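J.: Chain by chain, the residues:
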Amino acid sequence: MDRKQQLIFGSAYYEEYLPYDRLEQDMQMMVDAGFNTIRIAESTWSTEEPRPGEYDFSRVDRVIDAAQRYGLNVIVGTPTYAIPHWLAKLDPDALAVTAAGRNKYGPRQNMDISNPTYRYYAEGIIKALVKHTCERPNVIGFQIDNETKHYGTAGPKMLILFQRWMKERFGTIEKVNDLFGLRYWSNSVTCFEDLPDPTGAVNASYALEFAKFQRILAEDFLLWQSDIVKKYKRDDQFITQNFDYEWILFPDGSQGGYSGGIQPDICHYKSARAMTLIGTDIYFFDQDRLTGREIAFGGDLMRPLRYDNYLVLESQAQAFKEWLPYPGQLTLMAMSHLASGACGVMYWHWHSIHNGPESYWKGILSHDFAPNPTYDEIRRIGQELKQLAPKLAGLKKDNRIAIVVNTESINALKWFPTDGGLSYNDVLHWVYDALYNLNIECDIIFSQQQDWSRYDVLIFPQLYCAHSTVVPRIRAFLERGGTVFATFRSFFADKHARIFPDCQPHGLTDCFGMTYNQFTKPVDVTVDGVPAEHWMELLKPDIAEVKAKYNHRYWGEYAALTRNTFGKGHAWYLGTMVPTEKLQEYLLEMLEDAGIQPETSLRWPLILRSGVSREGRKIRFLLNYSQEDQTVASPWDCIDLRTGRHYRVGDALSLGDWGAAILEEDTP
Amino acid sequence: MDRKQQLIFGSAYYEEYLPYDRLEQDMQMMVDAGFNTIRIAESTWSTEEPRPGEYDFSRVDRVIDAAQRYGLNVIVGTPTYAIPHWLAKLDPDALAVTAAGRNKYGPRQNMDISNPTYRYYAEGIIKALVKHTCERPNVIGFQIDNETKHYGTAGPKMLILFQRWMKERFGTIEKVNDLFGLRYWSNSVTCFEDLPDPTGAVNASYALEFAKFQRILAEDFLLWQSDIVKKYKRDDQFITQNFDYEWILFPDGSQGGYSGGIQPDICHYKSARAMTLIGTDIYFFDQDRLTGREIAFGGDLMRPLRYDNYLVLESQAQAFKEWLPYPGQLTLMAMSHLASGACGVMYWHWHSIHNGPESYWKGILSHDFAPNPTYDEIRRIGQELKQLAPKLAGLKKDNRIAIVVNTESINALKWFPTDGGLSYNDVLHWVYDALYNLNIECDIIFSQQQDWSRYDVLIFPQLYCAHSTVVPRIRAFLERGGTVFATFRSFFADKHARIFPDCQPHGLTDCFGMTYNQFTKPVDVTVDGVPAEHWMELLKPDIAEVKAKYNHRYWGEYAALTRNTFGKGHAWYLGTMVPTEKLQEYLLEMLEDAGIQPETSLRWPLILRSGVSREGRKIRFLLNYSQEDQTVASPWDCIDLRTGRHYRVGDALSLGDWGAAILEEDTP
Amino acid sequence: MDRKQQLIFGSAYYEEYLPYDRLEQDMQMMVDAGFNTIRIAESTWSTEEPRPGEYDFSRVDRVIDAAQRYGLNVIVGTPTYAIPHWLAKLDPDALAVTAAGRNKYGPRQNMDISNPTYRYYAEGIIKALVKHTCERPNVIGFQIDNETKHYGTAGPKMLILFQRWMKERFGTIEKVNDLFGLRYWSNSVTCFEDLPDPTGAVNASYALEFAKFQRILAEDFLLWQSDIVKKYKRDDQFITQNFDYEWILFPDGSQGGYSGGIQPDICHYKSARAMTLIGTDIYFFDQDRLTGREIAFGGDLMRPLRYDNYLVLESQAQAFKEWLPYPGQLTLMAMSHLASGACGVMYWHWHSIHNGPESYWKGILSHDFAPNPTYDEIRRIGQELKQLAPKLAGLKKDNRIAIVVNTESINALKWFPTDGGLSYNDVLHWVYDALYNLNIECDIIFSQQQDWSRYDVLIFPQLYCAHSTVVPRIRAFLERGGTVFATFRSFFADKHARIFPDCQPHGLTDCFGMTYNQFTKPVDVTVDGVPAEHWMELLKPDIAEVKAKYNHRYWGEYAALTRNTFGKGHAWYLGTMVPTEKLQEYLLEMLEDAGIQPETSLRWPLILRSGVSREGRKIRFLLNYSQEDQTVASPWDCIDLRTGRHYRVGDALSLGDWGAAILEEDTP
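Residue numbers (this note's numbering), protein chains in the order written: chain A, 1 to 668; chain B, 1 to 668; chain C, 1 to 668.
Since the hints were made in silico from the structure, they are not lab data. It is possible that part of the hints are untrue.
[Claimed, not checked] Incomplete in silico selection of chain A near chain C, CB under 10 Å:
1) Ala99
2) Gly200
3) Trp452
4) Ser468
[Unchecked claim] Reference listing, derived: stretches of chain C covered by chain B, where coverage requires no fewer than 3 residues with Cβ under 8 Å from a Cβ of chain B:
5) 181–194
6) 500–510
7) 515–521
[Said to hold, decoys possible] Calculated Cβ distances over 12 Å to all of chain C for the following chain B residues:
8) Leu87
9) Gly101
10) Lys157
11) Cys191
12) Phe213
If you're wondering where the values come from, they're calculated on a predicted model, not measured in any experiment. Don't be surprised by glycine CBs; every beta carbon is placed ideally from N, CA and C.
The following block holds chain A by itself, in its conformation from the complex (with noise of 0.2 Å):
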């Protein structure tokens, strides 16, 4: 399929786990939906491998055969991330030790990847799927695994794995001991061999270490599996992964969860090496909490990985029952994904499961298999997109401001959490949140990457580990004219979480012109006339210019946010969390020293999100998540692509609740 042309639009399909033979009807029904491709076979390892060594595709071929004569593509999944039984019985190793204990079977993502029993059936189905299916006209790509991780794999093997790997790193125990404090409470060994069981540690540096060891054991199962599918695959075909966030619990304990940042467990700059497509799912709130946010973080955190289109593999149909989508809700999530810059939207999943962990986890049809609300709207979208995909498809951006995370940090503040369970990815969510309410659009790269050279703005929340290059980079940046704007807790350790024993900002005093050395919690504390929470530290400004004092009895001399010019460019740095409208009001001022302001008043729930087509057109996106019908003068001269309805600046441009249109630039 041309992917500059079409946008890639369908589902999941599991016929291994329908109840009785429906595949015709299911095809039909999904061409009546305007699909073009379905994803196939990556959870079903048992079936397509009965017994060890026996292989069996029928499955895989019938759907396959099924989808060419309806002329959808198929997107074929490596089935690793769900072992069968069998292979769990071969070797009880195969499934993880991990801190709480032994792994049972049944769950998915139970098992050692870093087994080697595991590794070498992993390695046979991978190859003999791909060998069958890649010479099959419609089969355009493979995932594989599927929202990879380590799954928290700890035991006595991986002990032996980790030791050597220290070995090999720190050449000497010495270097462990003093750059880890392994002597506190008497943790300090005198071999590597005698470095003790890293689920038991309480020193949060050792522990780090290991996690890291086990993510870089996740990137390089992915980099494995990509290679052994690239010996076979055609050049046609892509290679991507499923990549997910973390999973943020519902805080009213409803069932199940949403993608609420960047992932702990694997680190995606890393993985993404594997990938010749970013691929990811999304999933959030929706009917009255629907706000957007986490389709356009996960679009502006997958985007900058390749600078390139991603494919939203996964997205939600009903889903959990509070999700089931109001009229309109799914049409705005599909343009909100294309809005972020996807190459195409899959949902997950076809039909609903019968018996299984994920019976309520619905997919666009319910139980019967009959049509409903939102197997219908779907079917609009999807008639829809094969009408705008040539001027959608290949949509490109260009942000100049980028927020700097990076895994180590996400993983350091689990240790050492900010007040009130705070977490990275809370602190992440309001910075980023800050500029989503304000439309202003921005890239999430990681601090690992090292062209900072597109962007005019960085923002660090919470950046507690600086890698080494860090600093220099921020400096450098400065210099020639940058504007950097941190947070609390930024700079604080090294990558090993080690704090640095110098003045804090880390390297950085003289280019925030302030430096601080205790903190506190917030407690009936003010900045600007809001409340200061969670944490604060007691900024004493040198040179900075003082923009927001605490306002406390005894912290009152205290700064809370200061700016600081540094050669060319401007630093600032707020010491502690305010509510998000002030912040609003902090990084506009602070954008102000970049030259960037908003290109209109327009704020959410009215979300503008804009690129240029493969034309060299600007396309805008204006999204209306509310349930109030929204009207505005349009700031453009313009065309809805979806309505074919031209505006004039000043015309009155109006949005239903859930609305989303689709503007074109007109060309004088």
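Using the hints, position chains B and C against chain A.
T.: Relative to the frame of chain A, chains B and C by itself:
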């Protein structure tokens, strides 16, 4: 004893646990309290068999002897629910392995009831005890075990038994893979010996099948005990068991819990076969929170197991500190048990324990053995029951309304709970309580029970799992003129909790005249001016009459309550949860279809229960579940059997706080 | 050092944990801060003995050398509370098995202190370290271990030791079956070797006896360490230990906890024998929640162990972020420790740790080692204490009131908690705080302590377990004219937590002139216009005077507070919990019976503590535990030792926020 003339009255008595010898004093105090029966021995295995095979029944003998002298009958309990330590030492596997690992020695009910060593010694002590005591004239019956359940036994040997059982039932493994949806996440297997340990299962249907196997084990265990006892006991001696209920922990964190609904871990319907006299224990909040609902519920569940009187083997005396009864409450409770059809009331237990896990679950006597207000009130009850027995023994009921339940549904909904932690029993009690508040008596029956001919109305609260015969029987019931009332989530899955792949409600869309295939969580939704909560099905009436709709911007087009005429009958369906008061309105309207209305306008806290005495007279219990005095105009010509006072219709009939009247209908 | 002329002032110092060599700088900063003492080495075993039997005290030497040069004394701690990994590897049993399973390596205090391998190597390092350092002139004492407790050790070998210990104590197994009520639920056995693993016990008495065995193990362990040290140390060197308290987690979920009451896992009274100088650490909320109560409580518990001054080995500097002290609070804390009879104040710890579990338990210095407000205030305190030492060193108290506690009661009430999670220590603090608020000083003593002759008033808050001698001693105390005040749940059970089978309060019904045998949870009950909460005993006065009754429809006939004259004394009994203000009223009224009244009308937040200096002068500490300035009319002719200012009776005496005055009585 002649249970046609006498009501059993007494308590459990554990001479073994006394801190000093006071047998004679206790007996005298019991006789003074009007006791005629004690229950002994049911947890004292280590005393009766201090070493393997060495029996010592001297303490049992002492107590039976003394009871004989004082004119007290004895129920002898087999001690099998608390194993001696030597048994756990002899065979470590006697302690069950559950999903949480191997049980430790210490608590009761920690054993694996499938363990052969346990069974061998259990058989020994049962035989020896029954042989030793069955000839004693004052031994009137035996209790087999106590509050029997499967206790979660799930070790490696249970797995083998389960695999064999599955093979016997299903024959081929493909049938199992299909039926239980094992292909999901690669859980399918190729032979029965490969079926995985269900304690790790994420497949609800598979895990629930194992739970059923566990329940059958418990049911078979009771039958096995019953068969042993039957070999030795006299014909006039009964066999009973102490059925308990789902034990719900107090929501406010207080010590203990209460009898909160049907029991998930054994099926009372199936295990009733092991008994000649149904026995039960019922516990609940009292003081300001005494409502009588658990007493009524327990009776309405126990009585239909045999359509006969049942014995309350345990009820609360002082119990937890939170439960110390107000003056009059013990009397009200005793009368309420009789009002539900109990043939006797026994307390747990005689004296408070001086050290042990249940020291603060106090008996009739406090730790000082002195008379106290609790003893004094029980003494008055005992004297009164002697007088009332000829009138009240053998009371019968003939209810036209049944609530239909099954054990599969309660377990399935633990996997797929309704929103907000609302359990099966919560919904069951919601429906039951509505009837109770209206003073409409009902039976609670199991869906497997074949004979529905005695009922005019069947109510199905969340009957999630519909056995294959249920649907055709409902159709037939409606056709012959019955009235059916079903709530949300009924008939959704088969007995294996596999969701039906056809239209909902499965097999009954024409009966209910509506269908639905989407449901959501109600947020800010009202129905008839009251909030809809926890669950809402988007009902699409076909031929049904819409009795209520949802009030909501997006869901307003769907029905919440429907009524349909089918055959000669009427079928009601309620798709959401409304406050109890509103449910009462709906039920009253529904009952009109069956020509039923409450006998009086009395409502909770004034409770009216009635039955027919052996003499054929209508007996009404009027119970005041409040601390307010209550006066009503008597709707009947009657005599209060407690006071001897006669009432004519319209006479002022007064009840003090927590008062009870027993009104025999005047024969004209 | 002459502890009659000097106050110990300093901190823990861990050169081993420094990220770079800064020994000289640290020493200089300490000297500048007025330090005279540092504590070293108590958790650095792996540094001192990197391989079994290979000792390396070079870092200890370096620090002692430097300290010598800078005029600092050293307390050397044995490092036995944090084992090296090689020890866990050498003997896996060195890691304790607790009720939760085998400990992992990593944390401190994870070992089995009964393990022979642990004891062997512990003896080795203790001997080697003490021998190596005891001749150093500036080593003034040794700390044995740290915050020693039993750490829940409960493995199979502990069971064997326990069975033997039980045999030695009780002789016959029948006595054990009787005493501990083991027949309950078939737990009785026929030989000591069959006594079951107490970690599975549901019998509280049995489990509590094992807990006592565990405590004795910990107490013996300290004596054993002490004996080893005594063999080598100089006569002028002291032996101390760092007693801690029950560690209560912060109710709001903040990091860490606080010293919340007496320690359940070791008996301070018994283990005080192992020391020549009582040492302790005390931690608590500060900032807005600083009350001083934990400081006073700790002092009042430590001081009577020897009726001598004690050393505060650890107190908070910056600690948790929530605890960063307000200006002046560190000074107030230091003065308060001295006001309670401390002979010195040491901080934990010098510098914040750069990686490890306690990185955010900050020391005097932040991670940057730079001076900061905390260091600056400690420096001012150090200078001041040098001046004050001749006046304050050796301060004595002679309190007439004692609160009587025991460790059995705190543990027993964990099994049978008072309603609402109210712990033994909560009730203890409720009583203690009432006295503290009233500025009435008391001792806290253990019930085993035989000599009550120095007291006029004894208070028993929930003394649930009454040792056999307690009751006769109370009778004698009353007879000779003493005043007794007991709360609910006192004298209820024996020292084995076996509930007494006679009338309550056991053996004291004539002393109190009342009895009770029922109790309940108070719901909507008031006493003297305030709510009764958590527990209520239904007191039935015989000859006692009713001081207060319950106000409740059903419980109104019972007394809540009684007073009785017995012998020459008076016995008060309070059957429920009332707000602290009401308790204060009751206590004041009770104290009148003993002729005691508060010295002044000052109440918390103005705290008054006093003692007699070595010179025989009365010294009063006036402490302002609030952020309001306070001015009072001086009740005394005195001089403020801190300011040199003289006051005559009636002069205005002002204290700033968190201020402290030390007032020496003027001699006429």
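J.: State for each hint whether it applies.
T.: Each hint, compared with the structure:
no.: 1; hint: Ala99; verdict: holds (9 Å)
no.: 2; hint: Gly200; verdict: holds (3 Å)
no.: 3; hint: Trp452; verdict: violated (28 Å)
no.: 4; hint: Ser468; verdict: violated (15 Å)
no.: 5; hint: 181–194; verdict: holds (count 11)
no.: 6; hint: 500–510; verdict: holds (count 5)
no.: 7; hint: 515–521; verdict: holds (count 5)
no.: 8; hint: Leu87; verdict: violated (9 Å)
no.: 9; hint: Gly101; verdict: violated (9 Å)
no.: 10; hint: Lys157; verdict: holds (21 Å)
no.: 11; hint: Cys191; verdict: holds (35 Å)
no.: 12; hint: Phe213; verdict: holds (27 Å)
Checked against the numbered hints listed earlier, the structure breaks hints 3, 4, 8, 9; every other hint is satisfied.
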